[in-house]
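Visitor: Here's the letter readout for the chains.
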Amino acid sequence: MKTCPDYIVQYMNDYLDGDLEPSEERVLKENLVTCQDCQQIYHELTKTVAFVQSASQIEAPRGFVEATMRKLPKQNQRSGAQRWFKQHPLFTAAAIFFVLMSAALFTSFNNEQQFSFTKQPNVIVEGNTVIVPEGEVVRGDIKVRNGDLRVDGELHGNVTVVNGQYMASSGVITGEVEEIDQVFEWLWYNIKEGFKDAASIFSNEAALVND
Amino acid sequence: MDALVNKRIAQVIKGDQNAFAEIVELYQHRLYQICYRMLGNKHEAEDIAQEAFMRAYVNIHTFDQNRKFSTWLYRIATNLCIDRIRKKKPDYYLDAEVRGAEGLNMYSSIANDDELPEDELVKMEIQERVQYEISRLPEKYRAAIVLKYIEELPLAEISEILDLPLGTVKTRIHRGREALRKQLSNL
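So the sequence lines, in the order shown, correspond to chains L and S. Taking the numbering used here as reference, the numbering of the first sequence is continuous, increasing by one, and the terminal residue is 561. Taking the numbering used here as reference, the numbering of the second sequence is continuous, increasing by one, and the terminal residue is 320.
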């Protein structure tokens, strides 16, 4: 029994992979005609390939997709929030505005700790109390911060007391009285004022247009 | 198909987890098949195939969309399979029944160096036998043979999946085929 050179088996493999040179192919074919052993090997190789290829195509079990999807990590909270912001730009803008706004108001509330009031003629100040004395008439609004207000005379205007007390008395007030001593009320008041200002701008404009 | 897959990938990157379901749908059978042929065990195949999809999902932003998604996905899966095979090498279920061998478990064949007796082999169904012979190949040949003859992928793609030069892939297929030929010489 003669042994064929090793490259013959190499040729067979190359041939099976479809990249054997035509010249080498001729060598291989001549060899296969003459050598029984090589024929046998070649036959076995092709049989092996056919055998492996006969393996039936198998499919993933039922419910594989669902099971896989369940195993995926949940989208984390942060990216979820980011996505929400991206999808709702208007809300995001409003939220940012609100946050900045309230921060500004909050600081202004904290910063304004000293006693202050709207300067009006005819009013007296005793300690931290603003007094509209008896017999006096004040025309205009009074705003008192970090202090109290007592009206004994007449006040033709609105009263706003922040962080203080409006002391009920015998005086006459023709406007509204408002006491603010909570941060949130203060915020709310500022926002309301902001809207009132905005509204007055618009109504002024409207008035201009009408003129 | 690549265009559709890339569209879905873009959606997944944007955070649409549901778009990934379609990708799983598209590739589930091929990926499961690769895992099953590599591992020879349905539970493990399912486990690893799911793990591969999960890794693909988590790392989807690293996928280069100019390339073929299947290549990238198969690469993840074959790497996981090879890892699994290496880890559990000495770990045979000794008391597990051997396929197609009633009452015969691994204890009875361990003396034969993990080779079933001739008459057991003959009794095997052809499909079982294919799987059995593939699973006896060393894992590096196994991956190449599975991708070449079961998935019928071109050599260039196999070389990309296995991250090996084309020549090495050819050698592995030759050796795998040769090993199978010897294993099957009694057929």
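What the hints contain is simulated information worked out from the structure, not anything from laboratory work. Possibly wrong hints are sitting among the right ones.
[Stated by the list, open to error] Facing chain L, according to a computed beta carbon distance under 10 Å, are these residues of chain S, among others:
no., residue
1, E155
2, R163
3, M187
4, V191
5, K201
6, T204
7, W205
8, R208
9, E253
10, M257
11, I267
12, Y282
13, I283
Ideal Cβ positions, reconstructed from N, Cα and C, are used throughout, including at glycine.
Visitor: Report the numbers of all earlier hints that the structure fails to satisfy, in ascending order.
Guide: 5, 6, 7, 8, 9, 10
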